[in-house]
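Sequences are here, hints too, so could you generate the full structure?
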Amino acid sequence: MASFHPDADLLLRYSAGTCGAALQLAISSHLALCNECAYAVQRLDAISGMAISEAQPTLVSKKCLQQIFDRCKTPVTAQPAAQVTDTYPAPLSGLISQNPLKWESRGKDIQQAILLKEQSGTVAYMMKIRKGAEIPEHNHRGDEFVLILEGSMIDQRGATLRGDFVTTDAAFTHKPRAGDDADCVCLVVATGGVKFTKGLLRVLNVLPWQ
Amino acid sequence: MPLRPKSAPKDASFETETLNDFLRAAGQGDETAFSELVHHVAPRLKTWLMRRNYSDSDAEDIIQETFVALWQQAAARFDPLRSNIYTFIVGIARHKAADRWRMRNAAVNNAAFVPLDDVADTLQSDAGENVDALAVRQALKLLPAEQYQCVYAMFYQGLTHEQLAANSGIPLGTVKSRLRLAYSSLRKNLG
Ligand SMILES: [Zn+2]
Numbered sequence: 009m010a011s012f013h014p015d016a017d018l019l020l021r022y023s024a025g026t027c028g029a030a031l032q033l034a035i036s037s038h039l040a041l042c043n044e045c046a047y048a049v050q051r052l053d054a055i056s057g058m059a060i061s062e063a064q065p066t067l068v069s070k071k072c073l074q075q076i077f078d079r080c081k082t083p084v085t086a087q088p089a090a091q092v093t094d095t096y097p098a099p100l101s102g103l104i105s106q107n108p109l110k111w112e113s114r115g116k117d118i119q120q121a122i123l124l125k126e127q128s129g130t131v132a133y134m135m136k137i138r139k140g141a142e143i144p145e146h147n148h149r150g151d152e153f154v155l156i157l158e159g160s161m162i163d164q165r166g167a168t169l170r171g172d173f174v175t176t177d178a179a180f181t182h183k184p185r186a187g188d189d190a191d192c193v194c195l196v197v198a199t200g201g202v203k204f205t206k207g208l209l210r211v212l213n214v215l216p217w218q
Numbered sequence: 019m020p021l022r023p024k025s026a027p028k029d030a031s032f033e034t035e036t037l038n039d040f041l042r043a044a045g046q047g048d049e050t051a052f053s054e055l056v057h058h059v060a061p062r063l064k065t066w067l068m069r070r071n072y073s074d075s076d077a078e079d080i081i082q083e084t085f086v087a088l089w090q091q092a093a094a095r096f097d098p099l100r101s102n103i104y105t106f107i108v109g110i111a112r113h114k115a116a117d118r119w120r121m122r123n124a125a126v127n128n129a130a131f132v133p134l135d136d137v138a139d140t141l142q143s144d145a146g147e148n149v150d151a152l153a154v155r156q157a158l159k160l161l162p163a164e165q166y167q168c169v170y171a172m173f174y175q176g177l178t179h180e181q182l183a184a185n186s187g188i189p190l191g192t193v194k195s196r197l198r199l200a201y202s203s204l205r206k207n208l209g
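As you go down the protein sequences, you meet chains X and D in turn. Okay, so the first sequence: first residue is 9 according to the working numbering, each after it adds one. Okay, so the second sequence: first residue is 19 according to the working numbering, each after it adds one.
Honestly, I wouldn't trust all of these hints.
[Unchecked claim] Pairs of lysine to aspartate or glutamate, EDC-like flavour, derived with a Cα cap of 16 Å:
(1) D:206 to X:44
(2) D:194 to X:17
(3) D:194 to X:177
(4) X:71 to D:76
(5) X:125 to D:117
(6) X:71 to D:74
(7) X:70 to D:74
(8) D:194 to X:15
[Said to hold, decoys possible] Stretch by stretch, here's where chain D covers chain X in the computed footprint (C-beta under 8 Å, at least three residues):
(9) 19–31
(10) 44–57
[To be verified] Across the chosen pairs, the derived CB separations fall in these ranges:
(11) D:147 to X:190: 37 to 43 Å
(12) X:109 to D:160: 44 to 50 Å
(13) D:97 to X:115: 48 to 54 Å
(14) D:33 to X:69: 22 to 28 Å
(15) D:175 to X:15: 20 to 26 Å
(16) X:11 to D:122: 34 to 40 Å
(17) X:44 to D:91: 24 to 30 Å
(18) X:181 to D:199: 28 to 34 Å
(19) D:121 to X:117: 31 to 37 Å
Hints listed in this document are in silico derivations from the structure and should not be mistaken for laboratory results. Here a beta-carbon is modelled for each residue, glycine too, at the ideal position from N, C-alpha and C.
Rendered as structure tokens:
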């Protein structure tokens, strides 16, 4: 059971359908691992549902309706069973099975693989940190959201484990470390990139996709 | 009876319970019920999507994918004790909208676009029971006006916090704190 969750604001934006693709991926992945938040979103979805039910109708083209009914008349062709892995929650494993991760090394302990990038500059990427390794002290140019998927990550707020959804705002400076037991794999959504506050790893200062 | 589009009924106002019945029947292969459902819900879903900045044609593509998924897979899983037609469809439409977004942005993402197999981002959770319309209306009514304004802008108008702040002149921080309060109240009153 997760100890860190998306806050009220994120759950509201998620349910209302206004949070953007990167956060949607991270939050839906958390929901797959957290009954508590899945339950909360289902409550909020009753409001979203009501907003749809009360919306003034907009004309849907005959072509669109015809296509729906034509496709529904076509028998469903059996699809190859999706590769199910327990490692990643469904929304993420679905995406990865279609677009395999391209891991790139950032220094000897860290690998990153982009998932998607919004026009706003917000990115979602996977990050793998070698067990026991430390990410040099940094703060953030924008907000950062991390969903832990494997292993653990430790900073001054404590240890975070699989399913934990950790929000870090721009002002926060930390020096997170991967737990000693296993490499840490996480999904990161960053609205602005990170800024390393200490020497050496300037190469990490800008995410490769920004 | 074959599926075929028909012109929208003059008065397409079905009660949610009736639509729930249609969805359940659709889950058992009832094409007429499914057709009624599409004609009633699709135009409303289109409005909801267009308020979230999807173009007319993107909205229609999302609608198409949503209803095809509903017919082929999701309807059979629908349980009116745990959900209702609109709550149920939100999870599918959000998911299909994300697919659409990825397709639009496949070039930027340097990745081939293939739609995902799974149906919805969140289906009915096992724990929850359906929240009926009366309970939602009641919970919204209990919000102070200034909180309701923010919830309405978000859920009904599809505005981001920034858009709401710009439109209304309410500072962004105030928008956020009102929504936090609204959330606590809604959670208390929606169970
Ligand atoms: Zn949670």
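Between residue 44 of chain X and residue 91 of chain D, does the beta-carbon spacing fit 24 to 30 Å? holds, 26 Å
Between the beta carbons of residue 181 of chain X and residue 199 of chain D, is the distance compatible with 28 to 34 Å? Since residue 181 of chain X and residue 199 of chain D have Cβ atoms about 30 Å apart, the given range 28 to 34 Å holds.
Whether chain D covers the segment 19–31 of chain X (at least 3 residues having a Cβ closer than 8 Å to its Cβ atoms): holds (count 8)
Hint says 37 to 43 Å; check whether the CB-CB distance for residue 147 of chain D and residue 190 of chain X agrees. holds, 38 Å
Can you confirm whether the C-alpha distance between residue 194 of chain D and residue 17 of chain X stays at or below 16 Å? Roughly 7 Å between the alpha carbons, so the hint for residue 194 of chain D and residue 17 of chain X holds.
Counting residues of the segment 44–57 of chain X with a beta carbon closer than 8 Å to any beta carbon of chain D, are there 3 or more? holds (count 12)
Agreement of residue 206 of chain D and residue 44 of chain X with the hint, judged by alpha carbon distance not exceeding 16 Å: With a Cα-Cα distance of about 14 Å, the restraint between residue 206 of chain D and residue 44 of chain X holds, given a limit of 16 Å.
So if I understand the rule, the pair passes when the alpha-carbon distance is 16 Å or less; does residue 194 of chain D with residue 177 of chain X pass? holds, 15 Å
Taking only the CA atoms, is the gap from residue 70 of chain X to residue 74 of chain D under or equal to 16 Å? holds, 13 Å
Given the hint that residue 71 of chain X pairs with residue 76 of chain D, test it: the Cα-Cα distance must not exceed 16 Å. holds, 13 Å
Note whether the CB distance of residue 11 of chain X and residue 122 of chain D lies within 34 to 40 Å or breaks it. About 36 Å separates the Cβ atoms of residue 11 of chain X and residue 122 of chain D, which means 34 to 40 Å holds.
Range first: 31 to 37 Å. Now tell me if the beta carbons of residue 121 of chain D and residue 117 of chain X are that far apart. holds, 35 Å
Of the hints listed earlier, there is not a single one the structure fails to meet.
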